[in-house]
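Just need the whole structure built from these sequences, with the hints factored in.
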Amino acid sequence: MTSRITETLSGHYYTDPAIFDAEMASIFSELWVCVGRADRVQSPGDYFCPTVGAESLIVTRGEDGRARAFFNTCPHRGTQICDAERSGHARTFQCPYHLWTFDTAGRLIGAPMLSKLEAAGWDRGAGGLRPVALEELYGSLWVNLAETPSSLVEQVNRTILARFGDLETFGRYGFEGLALGASREYDVRANWKLAVENFLECTHCAPLHPDLCRLVPTFRSGDASYHGGANGAELGTGIDAFSMTGAASRRPLPGLVREDLRRFHALVFLPNVLVVLVADHVVLIELFPIASDRTRVRCEWLFDPSAVTGDPATLDDAVVLFDTINRQDWAILERTQLGVTSRGFARGGILAPTEIQIHTFDAFVLERLGHERASRDS
Amino acid sequence: MTSRITETLSGHYYTDPAIFDAEMASIFSELWVCVGRADRVQSPGDYFCPTVGAESLIVTRGEDGRARAFFNTCPHRGTQICDAERSGHARTFQCPYHLWTFDTAGRLIGAPMLSKLEAAGWDRGAGGLRPVALEELYGSLWVNLAETPSSLVEQVNRTILARFGDLETFGRYGFEGLALGASREYDVRANWKLAVENFLECTHCAPLHPDLCRLVPTFRSGDASYHGGANGAELGTGIDAFSMTGAASRRPLPGLVREDLRRFHALVFLPNVLVVLVADHVVLIELFPIASDRTRVRCEWLFDPSAVTGDPATLDDAVVLFDTINRQDWAILERTQLGVTSRGFARGGILAPTEIQIHTFDAFVLERLGHERASRDS
Amino acid sequence: MTSRITETLSGHYYTDPAIFDAEMASIFSELWVCVGRADRVQSPGDYFCPTVGAESLIVTRGEDGRARAFFNTCPHRGTQICDAERSGHARTFQCPYHLWTFDTAGRLIGAPMLSKLEAAGWDRGAGGLRPVALEELYGSLWVNLAETPSSLVEQVNRTILARFGDLETFGRYGFEGLALGASREYDVRANWKLAVENFLECTHCAPLHPDLCRLVPTFRSGDASYHGGANGAELGTGIDAFSMTGAASRRPLPGLVREDLRRFHALVFLPNVLVVLVADHVVLIELFPIASDRTRVRCEWLFDPSAVTGDPATLDDAVVLFDTINRQDWAILERTQLGVTSRGFARGGILAPTEIQIHTFDAFVLERLGHERASRDS
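Residue numbers (my numbering), protein chains in the order written: chain A, 45 to 422; chain B, 45 to 422; chain C, 45 to 422.
FYI, nobody ran anything at the bench for these hints, they're computed from the structure.
Take these hints with a grain of salt, some might be off.
Which copy is meant is left open, because identical chains are indistinguishable; a pair holds if it fits in one copy or across any two.
Within a straight-line C-alpha distance of at most 20 Å, the following computed SDA-like cross-link-like pairs (lysine to any residue) qualify [stated by the list, open to error]:
#, residue 1, residue 2
1, Lys-160, Ala-177
2, Lys-160, Gly-172
3, Lys-160, Glu-51
4, Lys-160, Ile-394
5, Lys-160, Pro-251
6, Lys-160, Ala-170
7, Lys-160, Gln-138
8, Lys-160, Ala-250
9, Lys-160, Ser-350
10, Lys-160, Thr-145
11, Lys-160, Arg-306
12, Lys-160, Gly-183
13, Lys-160, Glu-278
Structural data, given as structure tokens:
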């Protein structure tokens, strides 16, 4: 880590609707965006309706076992088919306006005027739900709104390699085999980039996160970063697990080795996933930008399947901990959103050496937008 | 009717505020817009304040018996004179700010500083309420915001001739003599064009309107159109009237001939009136666009004056029927408004042969806007 | 006063967000804006957080006795430091995100990573709160958001000289020595210019302000202006003071001379202060534009310090009077805001000879914006 002092993005990057639209186009419509764990659609017909950018999608698993995503809009006259954010199980999706009916692979399988359309030479193959690229990787579902999506594996593995230097450390957590134990959703009145930047430094941990600092005392120093290098941070003396009590109530994930057992790793899968790895569980935080000053956040807690079969309350020592941390973060980000609109922040703020990873993230944003970094003197 | 398959307007026509503004300028400010039945201002001094586009108007009848419309704004300093949507009876209209006072013909008849203004050479004739063109036709009130309005009779009769081939069929309903029996207003979160398009096809009738299909069974087929030609649709066997019960509780309108008695006719007076003609009453639905995703709707039920003199509950068999149909339509249109914003609908949807009249309406909109129809492949 | 008849600004000057933004840039960011009486920050550490244009500010008095203003934003990462509109007393201001801490002169005096920043060669002098120009004049606090502020004394005294012909008349009220006895804040859904224009004529006084006309009967005529000249208006026969009862419950301000004792003077310190001078108190109305159709208003009642030490209820005869007048004005301005949006007011309204000072104010606005007055015939 260098000890360079630099500056944040200019204030309008956090407030200007035109910047937000450009980010939705060049970041959230070009990169793969994680919409949640694959076990949200465990069986054929399971579905949920995430909102990615301005788009409501239907994510479902077909009878062939393949998960797919579709725009949540009838191709006939444009009616929204499912309520946004709804989830459930369905054999078919039917538009309530004219009863166009689609199977779980998105194919048009019925409509009152279908025979008439076909008699007029129309191909019902053109009447299916409009697809959105979806892939499963590391047990999560990723969608891509681009016409010709880039490689998901490359996008994700590049992050893992940059963080750990190899794929093995991450691999030991066995993401494909983890089970979704709990989830929480939050409506945060702040720009999505403030949430990423907040995750990339831990000088705010001492003022804001007493439980976190109790469990991982190096975060107390104001010197630490979530991403201090391949070794991560370490649990404090007398702390047996990253849980509210500090006691271990679950066995470590089966693939881990001795050096992993007291580690706390954090990493970011740009553009929208914040990840925490500890010995007995994983936390995934997915960001869904809604507007320049609003972000929907979904947090998922993953465990070994053996830990998830019983009473959900047994997971509370992990869930309440990060839910508390989340709420502390969202409150300060909402207050920061109020301040970045100021003319006093028009040229941005100051990044200390402990915040250098924010500079790297900001550079990523500027590059995707095709912007030069503004000189502070301009 | 051809059996051509074509497409709807592109999605942004239903969502883009710039398209909405262009429609307000080139359609709702250039054409005559119906604001309600003339008997809303039956006697001199009766008034109501409709909102046409962004404009609050005062519609009133003068002592000379002529109905007029004015901008609901004091010409002195701009204060709104009457509450928007208010109705009532007044001898004069007085601005509460400086007490400028106008008669029911809009003339300035008093103001505290009037003598001073006149002493300074000012002509009080320049201080009247700013007029908006208003004409009565077929018993309804029509306003036109254009500087030099076109011919109302031509605008309306063109529709009648296109629909029936002559003026006589429509004329037999005796619009000038009909009485306003009931009205309902609705605040619909959908684009006004979705309401017109919905009225132009009846394949949604089977899924959405069970009462309508019970009374007019041909609508059940998904094949029917409200506008199938000069003959309209026919009441079902055993149905005596277009009423909730199917029983006839009123005599047919006096001008009708035998071939009209079991007919259901629908037609649209562009840009803002949807009309249903049945033997014993008429339904007028007036659309008042508020924003790209919002429309105020007024529904009026007209009867022979002899049917309106008594207890309003006697009209319920007609009123509850179409009020129910209206509410079913507005609910699905609000759901459609959510879907047309999707990138999956950016190029629009599909129009079946039974929906060909929507294509004609869309062509009208595009022509008024001076737009070419986008090629689906572009 | 001439008796010329002229016109108001065109309607869009009161409604267009682009005009509002231009006014914020060329008027409220270039001129000195009054944010309240100096005794709101009487002692070092007293502070309040006014909103000027889009900017939340911290106004506080340092240990050196000097009042200062700062952007209410942490220079580190942009978090809002104090709640907007909050007031209180503080020894330091601390950002809750990373605990950057500032003294009442705005200097950075502590931060968890401060030593690290300084070790890396950073000058903590660059990390203070971002200052905004603030000066005290006539006992009030004035801020200026411009990079190089113009002269406050010139701005204010120019108004006094234009109004009275000398500085002495105004000086006799002894503004520096007056004490803040009461204040009220209002959220008004109207353009700030409507509030100024309303204050510049009194033909609305008879319809709207019965108490005012009872106390100052010349306002009843519709002929009067608040600014009839250096002599102001006079209390009515039998009225001893400008109070709800008309009785005098306080001694005149000590600097006044006999000819001041029954006078009612009104003047406007552009851009944002409306002032009423009477023998025993002063009313200051400060306008804080929020949007083209919204203005926050603060009203302050000033008295001789001897009158303020006791029970606040003793001030009610003055406070309730102008609070009532204020509420009558805000109600009609909100109604006027609804009307100025009309196409019927697009070219503006009519100014009678008694409203000529509005013409002068409108000319000031146009000049600041660099606009020509639109010809009515264009």
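Alpha-carbon proximity context of Lys-160 and Glu-51, limit 20 Å
Answer is between: at 16 Å across copies they meet the 20 Å cutoff, but 64 Å inside does not.
Up to 20 Å between alpha-carbons, please classify Lys-160 paired with Ala-170: within, between, both or neither.
Within. Shortest intra-copy distance 15 Å satisfies the 20 Å Cα cut-off; inter-copy 63 Å does not.
Between the shortest in-copy and the shortest cross-copy C-alpha distance, which are at most 20 Å for Lys-160 and Glu-278: within, between, both, or neither?
Cα proximity of Lys-160 and Glu-278: none, with 68 Å in one copy and 23 Å across.
How would you classify Lys-160 and Pro-251 at a CA-CA limit of 20 Å: within, between, both, or neither?
between (68 Å within a copy, 18 Å between copies)
Have a look at Lys-160 and Gly-183 and pick one of within, between, both or neither, based on CA distance no larger than 20 Å.
neither (43 Å within a copy, 41 Å between copies)
Classify it for me, Lys-160 with Gly-172: is the Cα-Cα distance of at most 20 Å met within a copy, between copies, both or neither?
Classified as within; 17 Å inside a copy, 60 Å across copies.
Is it within a copy, between copies, both, or neither that the alpha carbon of Lys-160 lies no farther than 20 Å from that of Ala-177?
Answer is neither: 31 Å inside a copy and 46 Å across each miss the 20 Å cutoff.
Using 20 Å as the alpha-carbon threshold, which applies to Lys-160 and Ser-350: within, between, both, or neither?
Answer is neither; intra-copy 54 Å and inter-copy 46 Å both fail.
Could you place Lys-160 and Ala-250 in one of the four classes (within, between, both, neither) given a Cα distance threshold of 20 Å?
between (68 Å within a copy, 16 Å between copies)
Within, between, both or neither: Lys-160, Arg-306 at alpha-carbon 20 Å
For Lys-160 and Arg-306, the Cα distance exceeds 20 Å both inside one copy (66 Å) and across copies (28 Å).
Is it within a copy, between copies, both, or neither that the alpha carbon of Lys-160 lies no farther than 20 Å from that of Thr-145?
Answer is within: at 16 Å inside a copy they meet the 20 Å cutoff, but 63 Å across does not.
For Lys-160 and Gln-138, with the copy left unspecified, which applies at a CA distance of at most 20 Å: within, between, both, or neither?
within (19 Å within a copy, 61 Å between copies)
Going down the numbered hints, you'll see the structure goes against 1, 9, 11, 12, 13, while the others check out.
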